Amino acid sequence: MKTVEEAKQDASYKSALTELLYQLADDDFIVAYRGSEWLGLAPHIEEDVAFSSISQDTMGHATMFYQLLEELGEGDADHLAHGRTPAERKNAIILEEVNGPGHYLKEPRYDWAFAVVRHYFYTLAKKIRMESVKQSSYEPLQHVAVKVNMELYYHHMHWKTWFMQLTGTQGEARERMLTAVETVLEDFGGVLTLGPKEDEITKHGLIEGEEFQRKRWLQEIKPIFESLNIEMPKALGMKRGNGRAGEHTEDLDSAIDTLTEVYRQDPAATW
Amino acid sequence: MDVLTSFERLSDEEKYEHFMKRIEAGEKIEADDWMPEEYRQTLIKLISMHGISEIMGALPEKEWVPKAPTLRRKLGIMAKVQDEMGHGQLLLRVAEDLMKPYGRNREDIMQDLFTGRLKFHNVFHMPAPTWGDAGLIGWLVDGAAIMTQTNMLKASYGPYARALQRICAEEVFHAQHGEAIIMALAEGTEEQKALIQDSLNRWWDSLLMFFGPASADTTGSSKQDITVKYKIRSKTNEQLRQDFFSKYVPRILSLGLEIPDETMHYDKENETWVYQQPDWNEFKNIVKNNGPKSKDRLDLRKNAYDQNAWVRKALSPDNQAI
Ligand SMILES: [Fe+2]
Ligand SMILES: [Fe+2]
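Chains as they are written, first to last, in the working numbering: chain E, 150 to 420; chain X, 607 to 928.
Just so you know, the hints here were simulated from the structure itself, not pulled from any lab data. Errors might be hidden in some of the hints.
Said to hold, decoys possible - Label pairs and their in silico Cβ distance ranges:
{"hint": "1", "chain 1": "X", "residue 1": "E713", "chain 2": "E", "residue 2": "G320", "range": "48 to 56 Å"}
{"hint": "2", "chain 1": "E", "residue 1": "M313", "chain 2": "X", "residue 2": "R857", "range": "34 to 42 Å"}
{"hint": "3", "chain 1": "E", "residue 1": "E219", "chain 2": "X", "residue 2": "D924", "range": "49 to 57 Å"}
{"hint": "4", "chain 1": "X", "residue 1": "A637", "chain 2": "E", "residue 2": "M313", "range": "31 to 39 Å"}
{"hint": "5", "chain 1": "X", "residue 1": "R918", "chain 2": "E", "residue 2": "K388", "range": "29 to 37 Å"}
{"hint": "6", "chain 1": "X", "residue 1": "D639", "chain 2": "E", "residue 2": "T328", "range": "35 to 43 Å"}
{"hint": "7", "chain 1": "E", "residue 1": "R258", "chain 2": "X", "residue 2": "T878", "range": "26 to 34 Å"}
{"hint": "8", "chain 1": "E", "residue 1": "T234", "chain 2": "X", "residue 2": "Q845", "range": "50 to 58 Å"}
{"hint": "9", "chain 1": "X", "residue 1": "R918", "chain 2": "E", "residue 2": "D415", "range": "40 to 48 Å"}
Claimed, not checked - Sample of chain X residues lacking proximity to chain E, with all beta carbon distances greater than 10 Å (derived):
{"hint": "10", "residue": "E620"}
{"hint": "11", "residue": "Q647"}
{"hint": "12", "residue": "K668"}
{"hint": "13", "residue": "E875"}
Claimed, not checked - Simulated pairs of lysine-lysine, DSS-like, Cα-Cα distance not exceeding 27 Å:
{"hint": "14", "chain 1": "X", "residue 1": "K725", "chain 2": "X", "residue 2": "K627"}
{"hint": "15", "chain 1": "X", "residue 1": "K837", "chain 2": "E", "residue 2": "K309"}
{"hint": "16", "chain 1": "X", "residue 1": "K901", "chain 2": "E", "residue 2": "K255"}
{"hint": "17", "chain 1": "X", "residue 1": "K874", "chain 2": "X", "residue 2": "K725"}
{"hint": "18", "chain 1": "X", "residue 1": "K837", "chain 2": "E", "residue 2": "K255"}
On a predicted model such as this, the values are computed, not experimentally measured, just so you know. All C-beta atoms, glycine included, are put in the ideal place defined by N, C-alpha and C.
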């Protein structure tokens with residue numbers, strides 16, 4: 150097991166570790182933003198309360214991962230969140246995708262089915278990753294994983310309930326859910342991959358490999374899909390590219406623009 | 607029949623007397639207790655307006671949730687809007703209990719919002735175009751809300767008083783969050799400082815209006831006399847506005863800001879703040895959903911409501927599972 154100081158002294162270890170941390174941080178940062186765009190637009194007020202709490206927790210997790218990077222000398226956490234270009238980001242493409250047509254302040258035509266599926270699938274994947282990094286060779290990451298896991302338990306329950314409830318009905322709701330499942334799966338391989346540096350990441354015992362993660366994910370989703378009469382996916386795709394390799398869509402450009410609008414006015418100022 | 611009718615009437619008067627004695631003795635009225643129609647109606651109107659204002663109040667800040675300039679500020683404003691939604695939920699449940707005898711529910715509250723029958727606070731009809739506004743809303747709008755809500759902490763209606771206890775405790779954090787943003791800007795660059803004065807100028811009239819007109823003469827109607835009579839609140843609108851000045855005018859000045867009202871001063875002899883009245887006709891107009899952002903924000907909610915119709919349908923009890 151390694152501490153901050155030990156990690157800093159081992160260049161190959163540190164490079165693999167920071168790679169993984171950027172993936173974890175950027176995933177949560179962007180998905181928390183997509184969640185926060187839903188504020189005031191959820192199907193009912195109770196859900197607005199619950200969803201905004203989840204988004205807040207998730208932004209908190211992103212913050213913890215950025216702080217781990219800061220400790221490793223990657224720079225100020227706020228800069229890491231706000232000062233990096235879209236091409237430098239490592240989040241999966243499905244997490245940057247817009248919630249639907251429209252803008253979060255003007256005529257949003259957001260799709261609740263897509264929200265439920267994306268958040269449910271992502272939360273399940275995150276749960277598997279956090280379980281795995283509880284055993285990570287990097288000690289500070291273990292500690293963060295324990296904290297994240299406590300909140301993640303509720304997030305997972307929440308999205309699973311929505312998923313079961315809406316997919317388990319007949320008619321329009323089920324149709325919409327199945328369409329969303331298809332859309333999300335086309336790019337969901339991007340969440341479960343560790344990107345071009347997978348070998349280094351696993352070699353150093355930071356997290357289990359992507360083959361293992363994919364298997365675990367499919368294993369967990371199988372009984373759910375079966376109980377709802379959904380066909381198991383043949384593949385988890387990366388239709389629009391690999392975010393871990395810095396490949397992204399225009400959706401990320403405009404998201405980063407919004408997320409950094411005030412920060413960019415004066416990155417050196419105290420806000 | 608006549609006998610029965612007069613008996614019922616007499617009984618209601620007795621009930622009314624008993625009711626007034628209870629609230630004068632400081633007892634709390636609970637949801638299932640007998641209460642006069644006027645009391646129930648007043649509470650429904652007051653609490654559903656308060657609840658829906660919490661919900662509509664999250665929208666001006668929503669813009670600034672993603673744009674907040676640091677991770678800490680992002681987390682702070684996310685926590686705040688979540689609280690506001692929670693307040694709305696808590697209050698609407700109190701209102702729903704009161705509406706039960708009329709066979710009305712949440713659905714009716716939402717429809718009343720869309721048709722304009724149910725109004726929300728004047729401040730939430732206004733634009734919040736800069737990060738300075740995000741800070742100022744927390745600092746002064748929540749600061750003002752703490753004053754009006756504290757004024758009802760001892761409300762004779764138990765469920766409302768208890769909801770307010772929880773709400774007020776959280777509002778204190780909101781005001782601190784807002785003040786922290788404002789302090790950072792006040793100690794920052796010239797551009798940052800300018801943001802605060804600009805926001806203050808923009809929000810001043812709305813803040814004065816927030817407490818409502820001094821008397822019914824100003825706008826033709828005011829519920830404050832009824833709410834005082836039933837011990838729902840203790841201070842009048844004008845007393846609250848004066849308290850607001852006493853608390854915040856010195857703080858505003860100490861930050862080097864100017865009050866956008868040249869006539870503003872404290873009259874020691876009469877122990878009152880003298881100030882320029884805002885345009886109360888404009889106030890009436892704003893709360894009738896003719897404010898600069900009324901339509902946009904209502905559209906946002908209405909739009910979400912329509913977009914999610916299929917979800918409500920799927921969740922309704924008569925929808926069959928496979
Ligand atoms: Fe509130
Ligand atoms: Fe508040």
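Here is how each hint holds up against the structure:
Checking the proposed 48 to 56 Å range against X:E713 and E:G320 shows it is violated: the Cβ atoms sit about 21 Å from each other. Taking the beta carbon of each, E:M313 and X:R857 are about 52 Å apart, not inside 34 to 42 Å as hinted. Between E:E219 and X:D924, the C-beta spacing of about 54 Å keeps the proposed range 49 to 57 Å intact. Checked against the hint of 31 to 39 Å, the pair X:A637 and E:M313 passes, with Cβ atoms roughly 34 Å apart.
A C-beta distance of roughly 32 Å is found between X:R918 and E:K388, which places it inside the suggested range of 29 to 37 Å. A hinted range of 35 to 43 Å is violated for the C-beta pair X:D639 and E:T328, which are about 51 Å apart. The hinted window of 26 to 34 Å between E:R258 and X:T878 is violated, with their beta carbons roughly 52 Å apart. Checked against the hint of 50 to 58 Å, the pair E:T234 and X:Q845 passes, with Cβ atoms roughly 55 Å apart.
Taking 40 to 48 Å as the suggested C-beta distance range, the pair X:R918 and E:D415 conforms, at roughly 45 Å. Under the 10 Å C-beta cut-off, the non-interface status given to X:E620 relative to chain E holds; the minimum distance is some 40 Å. The Cβ of X:Q647 lies farther than 10 Å from every Cβ of chain E, with a closest approach of about 23 Å, so its non-interface assignment holds. Against chain E, the non-interface label of X:K668 is violated: not every CB pair exceeds 10 Å, the least being about 5 Å.
Every CB of chain E is more than 10 Å from the CB of X:E875 (nearest about 44 Å), matching its label as outside the interface. At most 27 Å may separate the alpha-carbon atoms for a hinted pair to count; X:K725 and X:K627 exceed this at roughly 32 Å. A C-alpha spacing of about 46 Å is found between X:K837 and E:K309, which places the hinted pair above 27 Å, so the restraint is violated. In summary, the hint linking X:K901 to E:K255 is supported, as the alpha carbons are separated by about 11 Å, within the 27 Å threshold.
With a CA separation close to 37 Å, the supplied pair X:K874 and X:K725 exceeds the 27 Å bound. About 42 Å separates the Cα atoms of X:K837 and E:K255, which puts this hinted pair outside 27 Å; it is violated.
In summary, the numbered hints that this structure violates are 1, 2, 6, 7, 12, 14, 15, 17, 18.
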